[in-house]
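A.B. asks: Listed below are the residues making up each chain.
2 protein chains.
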Amino acid sequence: MKINKKRAQTIVLKNKPKIIGSYSIVGPKEGQGNFSEYFDYVMKNDHFGENTFEKAERKMIETAITGVIENAKLLPRDIDAMVAGDLLNQIISSSYAARAFEFPFLGVYGACSTMAESMAVAAVLVDGGFCENVVCCTGSHFSTAERQYRFPLELGNQRPPTSQWTITGAGSCVLSLQGDGPKVTSVTFGKVVDWGVNDVNNMGAAMAPAARDTLLAHFKNSNTTPDDYDLIVTGDLGKLGSEILIDLMEDEGIKLGVSYCDCGQMYFKHNQNTFCGGSGAGCCATIFNSYIIKKLREGLYKKILFLPTGALLSTTTSQQGDTIPGVCHAIVVEA
Amino acid sequence: MKINKKRAQTIVLKNKPKIIGSYSIVGPKEGQGNFSEYFDYVMKNDHFGENTFEKAERKMIETAITGVIENAKLLPRDIDAMVAGDLLNQIISSSYAARAFEFPFLGVYGACSTMAESMAVAAVLVDGGFCENVVCCTGSHFSTAERQYRFPLELGNQRPPTSQWTITGAGSCVLSLQGDGPKVTSVTFGKVVDWGVNDVNNMGAAMAPAARDTLLAHFKNSNTTPDDYDLIVTGDLGKLGSEILIDLMEDEGIKLGVSYCDCGQMYFKHNQNTFCGGSGAGCCATIFNSYIIKKLREGLYKKILFLPTGALLSTTTSQQGDTIPGVCHAIVVEA
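Chains E and L, in that order, give the protein sequences. Quick note, the first sequence lines up with residues 1312 to 1646 if you use our numbering. Quick note, the second sequence lines up with residues 1312 to 1646 if you use our numbering.
Hints in this document: simulated from the structure, not taken from any laboratory. Wrong hints could be hidden among the right ones.
Repeated chains share a single entry, so a pair holds when one copy, or any two copies, can fit it.
[Said to hold, decoys possible] Heads up, simulated DSBU-like pairs for lysine-lysine below, C-alpha to C-alpha not over 35 Å straight-line:
| id | residue 1 | residue 2 |
| --- | --- | --- |
| 1 | K1327 | K1494 |
| 2 | K1355 | K1327 |
| 3 | K1355 | K1325 |
| 4 | K1566 | K1384 |
| 5 | K1355 | K1566 |
| 6 | K1384 | K1531 |
| 7 | K1355 | K1531 |
| 8 | K1580 | K1325 |
| 9 | K1325 | K1614 |
| 10 | K1550 | K1384 |
| 11 | K1325 | K1384 |
| 12 | K1531 | K1325 |
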């Protein structure tokens, strides 16, 4: 078995695992955004019938897993493993959701890059013949994230103009070698990159250097340019972060061009007052598993580069004066 | 490519990734325990030259990664990825440690089962030919865990007799197809199991049902019995939890026998006052990557079954009245 050392950061998947099912569930505000018609389920309110926001987040993840298994026309017994994670301490939304299912659970954490990490691990499990059908899932909830990372909503803190709005929503997909669907053809694992940003209300600036690092590695290792993709889509850099990424790439002589966009930047309508746009693990997870998958299936996109980014901070690191490292994993999906 | 559906929970690794390096670093109390002579590095104090315990934990993980690369006689540029996680919110010890290295980072979370999860993911990456050398690492710190999960040490709370002592320590290994070392021959991914225990000072009771579930699946799928292993070793069930597991298995007609032991139960000497023994992600990580690996290399053990267990709670779930789910992944290592 030979491995090209220089290219190990980018893994080419020989068997091209297929995305045979996808599902998205979002909150009411998200359901009024730019992608309203593509989501599978829009909740009537953020509580989703539960008495805490944390339990609502867990129920969203459970719903996304049940929904995606049905969408893939499978039964729970057909699933070999689920790879999932979320933003809450000890990824409780995912692990408690996993109690409801009779298949193994691999918990992953990559902050808002978790959708990419779960897909990367699942793709490797499927491509290597270790598993047949693997569920990937992540999500986030505005009210749990504000409470945990910033302040409880009851305090009514003002939001600075660089802030983003954590998406209330969960997205999921099933990877498999059987069945039909867009194919995952390669994965570029990201390094942890820290350029010294320490403003917890400016996640886009903290994560853009990680997106730059993974993009540069991906283009080099796969010998491709932005022109090779119909869509290059980052996770939740937001308005400011995606502009920073465009600048950083131009400094390297690479024009991302019109095919580049960011899920966070696109998520909401202008009058929804989210400042720099959407964020959170559920941000790119819900757009990827609704709009993007549907457009790949319809043939609008032939080959896309999906780059969820994550800011790897906690309140402890901020309180102890640390800066904010970022990570970004890249997934190539072809129709 | 054919997958035996009934056996997908247990993955047989055809290329048998080797553990070509291992490293362990522990705190002073751990350095006075039963395995004192096997650890690579014993810290003089729990601060490890840092001004917070959280930064000390991070530095232990950095040290474990640097140390294991050296132990494997590799250079950092030979490493294709690191798979790591820890108990702190947003796995900050691992992700901040990853900033110091120029290879990709995959964050995983399985509470105290994290060593098994990182080895399982790494084994799949190496066995499938996706990566050449992958670092696995986890750790924990008594003082950060007490502060985050229970109370800050300054409060001087009394410890109940079912409590365990979170290990201050980190363990790491490198998996590769090249080089020499004990082989990882199969992996059984665990399901999340919750039997309704809600006592946050009795982790052993909460995790034992998950160990039972994975053990039963492993024995069935691999067609083995306890007699096929020189050592069956759980992670940190502790004195009470390991007795519960022995009882639960006897109820299923399986006698674990003399080859069964638990890292948490064995860790400390009787006079070290740790009640039910050691716990934490660093517990089995430091014993596996010191004593167990050395005894496999020396030929004392020919085939072992390594079963780290994790309790997937957070303070939020306890405060909201939830019970404590557990997870356990099994790794078979042969000399």
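A.B. asks: Work down the list of hints and note, for each, if the structure agrees.
C.D. replies: Structure-based check of each hint:
no., hint, in the structure
1, K1327 - K1494, "both (5 Å within a copy, 28 Å between copies)"
2, K1355 - K1327, "neither (38 Å within a copy, 51 Å between copies)"
3, K1355 - K1325, "neither (43 Å within a copy, 49 Å between copies)"
4, K1566 - K1384, "neither (41 Å within a copy, 41 Å between copies)"
5, K1355 - K1566, "neither (41 Å within a copy, 52 Å between copies)"
6, K1384 - K1531, "between (38 Å within a copy, 28 Å between copies)"
7, K1355 - K1531, "neither (45 Å within a copy, 45 Å between copies)"
8, K1580 - K1325, "neither (40 Å within a copy, 52 Å between copies)"
9, K1325 - K1614, "both (16 Å within a copy, 33 Å between copies)"
10, K1550 - K1384, "neither (37 Å within a copy, 45 Å between copies)"
11, K1325 - K1384, "both (25 Å within a copy, 31 Å between copies)"
12, K1531 - K1325, "both (19 Å within a copy, 32 Å between copies)"
Of the hints listed earlier, those the structure fails to meet are numbers 2, 3, 4, 5, 7, 8, 10, in rising order.
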